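Note that the protein sequences, when read in sequence, are chains A and B. The numbering used here applies: residue -2 is where the first sequence begins, and numbers increase by one. The numbering used here applies: residue 469 is where the second sequence begins, and numbers increase by one.
Keep in mind the hints are simulated off the structure, nothing from the lab. Please note that the accuracy of each hint is not assured.
In silico DSS-like pairs for lysine-lysine, Cα to Cα no more than 30 Å straight-line [said to hold, decoys possible]:
id	chain 1	residue 1	chain 2	residue 2
1	B	533	A	325
2	B	548	A	325
3	A	53	B	548
4	B	519	A	53
Model, not experiment: these values are computed from the prediction.
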Amino acid sequence: MSQPQTHRVEFIGNAKTYFGIWIVNILLSIVTLGIYSAWAKVRTRRYFAQNTLIDKRRFDYHATGGQILIGRIIVVLGLAVLAIPLVNIVAAIALFFALPWLLNRSIAFNARMTSFSGVRFGFKGSYGRSFLVFILYPILAALTLFTTYPFSARATHRYIIGQHRFGTANFGFDSPIGPFYKAFLFAVGWSALVLVVGFFALGGTQLLYTLAMSQQPGGQPDPAFIWSIVLFYVVLLVAILPAGFIYQAYLRNAVYAQATLEGGYRFHSSLSPVKLMWIALSNAVVVACTLGLMLPWAKIRMARYLADHTQVHAAGSLDEFVGQESEKVSALGDAYTDIEGIDLGVAI
Amino acid sequence: MSRSEQGGSLAGHGFAPQTSRRIPARLVWAADTARLEDAQGTLLVQGPVQKTEQLPGGPLLVHLKDGWHFEAEPGENELKSLGGLHRPGLLARMEEWHPRLILFSLFCLLSAFVIWRWGLGLLVAIGLAVTPETAVRGIDSANIEIIDRTLAEDTGLSQQAQQKVQAIFDDLRKAAPPAPWGEYHLLFRDMPEVGPNAFALPGGSIIITDQLVERFEDPDIIAAVLGHEIAHVSERHALAQLYRAGSTYLLITLVAGDPGPLLQDLLREGNVLLSLSYSRQHETEADRLGVRIANKAGYDGAALAGFFELLAAESEGTGPGWLSTHPAAGDRIMQIRAYSTEAE
């Protein structure tokens, strides 16, 4: 029987190698009028999975380009149907009810196509719970002006993490509501603070008055006034952008702390909101200044930061997991969430 | 002797089917069969090599019989001696760090520019060419249905007033280029919340509000406004904007991939801003062609400028109005006058 161990997650990818994969992906996607993009997705996912290690064991991604392409074709055709008038009303209603199913399929596909140390992950979706956490709870949270949003976020994590398995071992997640409110309130609090301070520092009331008075057509506004408007936008940016990262960092730390894997495995994440924001912000600036060519470097840098601040506590050896045959899954749901840019809001 | 018949051996790890056990192992191969042995030299599995794969920067994966696989990280020297076991594919060789990647980068940047500058236009043109008439008619009828339910009442205009406007419309219709889908036809609606205005739908339906007809007696103004709307239809502006936005979105999400948290938002917002500038371009185009249609039909197209001036004068008294959101309105009025003179 082996001793309890703590493994740090390692990311060993580097920008030089990934650059080659990335630029060839784009090149071939252009040359094949977008068709290759399905294979490009697989290659990117594989590169990141294979270079993420725990205890020297690798992750891997097993979807094929053909699967992804078929999924994408069906989704694009489906969205075209949604654009046809009259049909679209029926189709939109159908989509609303199909959404929980599509999201389940997307999560299941990604779990099923991912392996670690030779064993695949799995996800057992339920339409009812998916409907609750992705549609009903967010609507209810909105009705309470998002004051109950942490409850919705917790339910989402309970569902998504709790229904995942690694081989035959089930993941579990439960958490008191406190950490979810902490992440939420720190983020909202930051925005509110910056907005209030910025508003008064810039003489906000005076600004609004000038703004209201300057709405005469043809009138040339004073340049000083334009500058204060620009400053006001800067304040808005400083208020809203960091809030997202504050939330993400605290949420991820809280979620990892409460997630479990059957057999005595626990997780630990120690992101710092300031560091996360710095990386995201400087990445964005560097990528924009290099016409996108530094994107591979930026993605590798972010992956390395996330891995470096993640640990797995294992009660025993990682040798004992057993895989499980499961039913075939199609890439339909995955293609849908890709194309619609749906982010399930799960801390990963 | 061909390379594929060479043999060799490589140290790495073996994985039995459906277990996470990582077994230190050695793969020994000759011709097209391979043996996997553990550290003690005990045979784990033996048989033909089913598939080998290696992504740049990733491990060499050898798939064996019965769901076994072998994973190794061959060093530079070992790679050369892999012989018949695995040879990197064309794709992996393209992806290698090599000066040609500079060429690839330049090609991608250039293509991005070409696609943005001309490719999108081409995609939109193809989309417009294959759009069937029934679909466009459907858009018209669905939109009219929605407008009738939410914003519009039946017209309250007298038969006489309607006939007068219809006569102007018929003159314009004869002077205008043919409608791309269906025919131009005029609809009267009472829309108190919208005020004096007119809209065009892609299939040729043009809606004019009672408020516009009541407010502006001058047939030249009516003709100029309707001419502008007819121009939107004949130039297929509505669908062009829809297709352009749709194809830009697909290209960004599918080809460029996931650009990361901040840039994703930046690209989406940028796309919205670009499509706004695109729609302003359409307005200018419709102004120019509209003036020409009205002039050709025997009206004074420059009356469109008068229409905007009157609206401006009205909004002055009532606070921020339509024009405050269109800072270029002054220029627009001047340009319309210029089009009118150039048309003659």
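Now for the hints, and whether the structure bears them out:
1. Restraint check: the Cα-Cα separation between residue 533 of chain B and residue 325 of chain A comes to about 21 Å, which is no more than 30 Å; the hinted pair holds.
2. A C-alpha spacing of about 38 Å is found between residue 548 of chain B and residue 325 of chain A, which places the hinted pair above 30 Å, so the restraint is violated.
3. The suggested pairing of residue 53 of chain A with residue 548 of chain B holds, with an alpha-carbon distance near 25 Å, which does not exceed 30 Å.
4. A hinted pair counts as satisfied when its Cα atoms are at most 30 Å apart, and residue 519 of chain B with residue 53 of chain A qualifies at roughly 23 Å.
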